[in-house]
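Engineer: This is what each chain is made of:
2 protein chains.
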Amino acid sequence: MKKLINHPEQVVRDMIEGVVLAHPDRLKNVPDTSVLIRADAPVRGKVALVSGGGSGHEPAHAGYVGKGMLDGAVCGEVFTSPTPDQVLAAIKAVDSGEGVLLVIKNYTGDVMNFEMAAELAEAEGIQVTKVIVNDDVAVENSTYTTGRRGIAGTVFVHKIAGAQAENGASLQDVERVALKVIENVRSMGMALTSCTVPAAGKPGFSIPEDEMEIGMGIHGEPGTHRAKIAEADSVASQLLSLVINDMGLQEGDRVAVMINSLGATPQMELYVLNKTVGQTLKSRGIQVHKTYVGEYMTSLEMAGCSISVLRLDEELAELLDADADTLGWK
Amino acid sequence: MKKLINHPEQVVRDMIEGVVLAHPDRLKNVPDTSVLIRADAPVRGKVALVSGGGSGHEPAHAGYVGKGMLDGAVCGEVFTSPTPDQVLAAIKAVDSGEGVLLVIKNYTGDVMNFEMAAELAEAEGIQVTKVIVNDDVAVENSTYTTGRRGIAGTVFVHKIAGAQAENGASLQDVERVALKVIENVRSMGMALTSCTVPAAGKPGFSIPEDEMEIGMGIHGEPGTHRAKIAEADSVASQLLSLVINDMGLQEGDRVAVMINSLGATPQMELYVLNKTVGQTLKSRGIQVHKTYVGEYMTSLEMAGCSISVLRLDEELAELLDADADTLGWK
Chain A
1 MKKLINHPEQ VVRDMIEGVV LAHPDRLKNV PDTSVLIRAD APVRGKVALV SGGGSGHEPA
61 HAGYVGKGML DGAVCGEVFT SPTPDQVLAA IKAVDSGEGV LLVIKNYTGD VMNFEMAAEL
121 AEAEGIQVTK VIVNDDVAVE NSTYTTGRRG IAGTVFVHKI AGAQAENGAS LQDVERVALK
181 VIENVRSMGM ALTSCTVPAA GKPGFSIPED EMEIGMGIHG EPGTHRAKIA EADSVASQLL
241 SLVINDMGLQ EGDRVAVMIN SLGATPQMEL YVLNKTVGQT LKSRGIQVHK TYVGEYMTSL
301 EMAGCSISVL RLDEELAELL DADADTLGWK
Chain B
1 MKKLINHPEQ VVRDMIEGVV LAHPDRLKNV PDTSVLIRAD APVRGKVALV SGGGSGHEPA
61 HAGYVGKGML DGAVCGEVFT SPTPDQVLAA IKAVDSGEGV LLVIKNYTGD VMNFEMAAEL
121 AEAEGIQVTK VIVNDDVAVE NSTYTTGRRG IAGTVFVHKI AGAQAENGAS LQDVERVALK
181 VIENVRSMGM ALTSCTVPAA GKPGFSIPED EMEIGMGIHG EPGTHRAKIA EADSVASQLL
241 SLVINDMGLQ EGDRVAVMIN SLGATPQMEL YVLNKTVGQT LKSRGIQVHK TYVGEYMTSL
301 EMAGCSISVL RLDEELAELL DADADTLGWK
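These protein sequence lines are chains A and B, in that order. Its first residue numbered 1, the first sequence is counted upward by one per residue in the working numbering. Its first residue numbered 1, the second sequence is counted upward by one per residue in the working numbering.
If you are wondering where the hints come from, they were derived from the structure by calculation, not from laboratory data. Virtual Cβ for every residue (Gly too), placed ideally from N, Cα, C. Heads up, a few of these hints could be off.
[Claimed, not checked] What the simulated footprint calls covered on chain A by chain B, stretch by stretch (three residues with Cβ under 8 Å from a Cβ of chain B suffice, anywhere in the stretch; the number is not a length):
no.	stretch
1	20-26
2	53-66
3	258-271
[Said to hold, decoys possible] Calculated lysine to any residue pairs in the SDA-like style (CA-CA distance at most 25 Å, straight line):
no.	chain 1	residue 1	chain 2	residue 2
4	A	Lys2	B	Ser241
5	B	Lys2	A	Thr196
6	A	Lys228	B	His7
7	A	Lys67	B	Asp321
8	A	Lys228	B	Pro203
9	B	Lys28	A	Asp323
10	A	Lys330	B	Lys67
11	A	Lys282	B	Arg26
12	A	Lys28	B	Asp323
13	A	Lys290	B	Asp40
14	A	Lys290	B	Lys67
15	A	Lys202	B	Lys2
16	A	Lys330	B	Glu17
17	B	Lys290	A	Glu17
18	B	Lys330	A	Ala39
19	A	Lys330	B	Asp321
20	B	Lys2	A	Ala227
21	A	Lys202	B	Pro208
22	A	Lys67	B	Ala322
23	B	Lys228	A	His7
24	B	Lys2	A	Met1
25	B	Lys28	A	Leu320
26	B	Lys228	A	Gly201
27	A	Lys330	B	Ala317
28	A	Lys290	B	Val20
29	A	Lys282	B	Val30
30	B	Lys202	A	Ile229
31	B	Lys290	A	Asp323
32	B	Lys202	A	Pro208
33	A	Lys28	B	Arg284
34	A	Lys130	A	Val43
35	B	Lys330	A	Asp40
36	A	Lys67	B	Lys330
37	A	Lys228	B	Met1
[Stated by the list, open to error] Chain A is faced by these chain B residues, among others (derived, beta-carbon under 10 Å):
no.	residue
38	Lys3
39	Ile5
40	Gln10
With the rest of the complex left out, here is chain A (with noise of 0.2 Å):
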């Protein structure tokens, strides 16, 4: 296995204890747990935002805890979610009064687990309200799913709720634009190759050497489809008007862009994607308002990418180009 890690059961041990080294102006790790939170976390008089899951999606989740993102994300082992404890340990330590936004990527496991937390939490005292991403168009169930799987357009999702807690708003109005991004945004992906879960040693699947997948999962989750690997153009086509007939995007409508790698992919193919979604967006009268092009969910090494498209009014567009401090963000 051709990875740089000790051993494979502490990779996210090793992983967090990198993260507090690298960065403890910023980033806190609540004692015994493998939660990270904001350095001066608890913020007075400010909702508190928690999310996670599996790790191995890098920035995300923890890349996104900082001023006017998230207070506080739960690294799950690879690919795996996070028991319920852990995710009650984040928001005893995020919470200042004011309640929990839970930000969850729609995953069984991840759902079941962060709802019991809840009322764990609730049980104490602690007010809490979830939401659910949904946003990848690719299938309608899937391996560890029911319904639509969430994927990079989480990322959205912790940008512009945060912006609105960092405002000073409600748990109830945080609530209230979380959903509004949610019902706005989808994403699709693909990938070249699979990659490798360290517990297990060897790659998950494979996808041979002239094909690509399809609508593939940030957990090698089976997509819609496999096909010859075809150029960028054909590919950003493809995965463009998926999410563009999806949302129902029409001339006039201001969007924000995301193209995502998921982890090998570099960012020379990543803009010679944008540039067909850019020319296919423009032609189509859709303004973009603003690009976000990198890593920003990936799935270790592999191979692919994900196109996401945001639909803005003027609430969501001034949310998104808020200050946002974190190391995932740019």
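We have chain A already, so just place chain B on it with the hints.
Structural biologist: Just chain B now, with coordinates in the frame of chain A:
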């Protein structure tokens, strides 16, 4: 070839178009060139910085164009030096009359072509000074290099000399600061896998499944030796020791550290490496002022990393901490 591109010969052109479509507020393309410059260039009253080289190292170098860092980046073909006329076009596009500093990574082709461009610019009455970065401690001479190679440490030159230029310093003073960084920065890398230059269509070399190459260059140039894959702890210690010894780092010194991915190595693994790096420096009484973890100087989709250490004095620390607004610096 598993790449999201169109035609290999147009990949750099496509990338540049994708960059400008994504970030029109930040970057513009000098017409009919492969040069990207600040959207507000030339910046009146400021010394300008130009860097560049072969493409395939993104975010280097266009990702460092912006306030507080570079004014222009010349994007050569993949792993190929840009021609003198391209470098000249960059110099002319960013010069505001205060002069231009060229930051060159030490590769024979880059040095020759940037020097030729400097002479051409001077003939047109533009003041040009150049610095050559040679931070890689791995080998004395290499495939494309006489002397040591320039790798990820170059980004510290962009950051610090760029901050000094933004302060309104003279060309001579910006050069002085750049040379101070070069004097005090060292790097060492390693690779687990090869990468594929699009025009070649296949990997330039291969590393057996159970081996790694220590000291490999960012174009796949040979390193010092191959070895069986070791644990991250051991790899990090080896690389760091070579850097520390070469620069004669001592107890009480203050440093900045960069843990750089060559492309396919996930952030998770970089942070695992940083656990060892951070602990080792602490145990040696070396003060880590700041740690940078991520993709700073890549080699397409190569798996591997480099570790850079920069010795800081008050002046360098202050310039390192100054605000910069670019896509690749975080």
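Engineer: Does each hint fit the structure? Answer for all of them.
Structural biologist: Hints versus structure:
no., hint, in the structure
1, 20-26, "holds (count 3)"
2, 53-66, "holds (count 5)"
3, 258-271, "holds (count 10)"
4, A:Lys2 <-> B:Ser241, "holds, 22 Å"
5, B:Lys2 <-> A:Thr196, "holds, 18 Å"
6, A:Lys228 <-> B:His7, "holds, 16 Å"
7, A:Lys67 <-> B:Asp321, "holds, 18 Å"
8, A:Lys228 <-> B:Pro203, "holds, 20 Å"
9, B:Lys28 <-> A:Asp323, "holds, 24 Å"
10, A:Lys330 <-> B:Lys67, "holds, 15 Å"
11, A:Lys282 <-> B:Arg26, "holds, 19 Å"
12, A:Lys28 <-> B:Asp323, "holds, 24 Å"
13, A:Lys290 <-> B:Asp40, "holds, 18 Å"
14, A:Lys290 <-> B:Lys67, "holds, 19 Å"
15, A:Lys202 <-> B:Lys2, "holds, 20 Å"
16, A:Lys330 <-> B:Glu17, "holds, 20 Å"
17, B:Lys290 <-> A:Glu17, "holds, 15 Å"
18, B:Lys330 <-> A:Ala39, "holds, 18 Å"
19, A:Lys330 <-> B:Asp321, "holds, 17 Å"
20, B:Lys2 <-> A:Ala227, "holds, 13 Å"
21, A:Lys202 <-> B:Pro208, "holds, 16 Å"
22, A:Lys67 <-> B:Ala322, "holds, 19 Å"
23, B:Lys228 <-> A:His7, "holds, 16 Å"
24, B:Lys2 <-> A:Met1, "holds, 20 Å"
25, B:Lys28 <-> A:Leu320, "holds, 23 Å"
26, B:Lys228 <-> A:Gly201, "holds, 17 Å"
27, A:Lys330 <-> B:Ala317, "holds, 23 Å"
28, A:Lys290 <-> B:Val20, "holds, 12 Å"
29, A:Lys282 <-> B:Val30, "holds, 21 Å"
30, B:Lys202 <-> A:Ile229, "holds, 15 Å"
31, B:Lys290 <-> A:Asp323, "holds, 22 Å"
32, B:Lys202 <-> A:Pro208, "holds, 16 Å"
33, A:Lys28 <-> B:Arg284, "holds, 23 Å"
34, A:Lys130 <-> A:Val43, "holds, 19 Å"
35, B:Lys330 <-> A:Asp40, "holds, 20 Å"
36, A:Lys67 <-> B:Lys330, "holds, 15 Å"
37, A:Lys228 <-> B:Met1, "holds, 12 Å"
38, Lys3, "holds, 6 Å"
39, Ile5, "holds, 5 Å"
40, Gln10, "holds, 9 Å"
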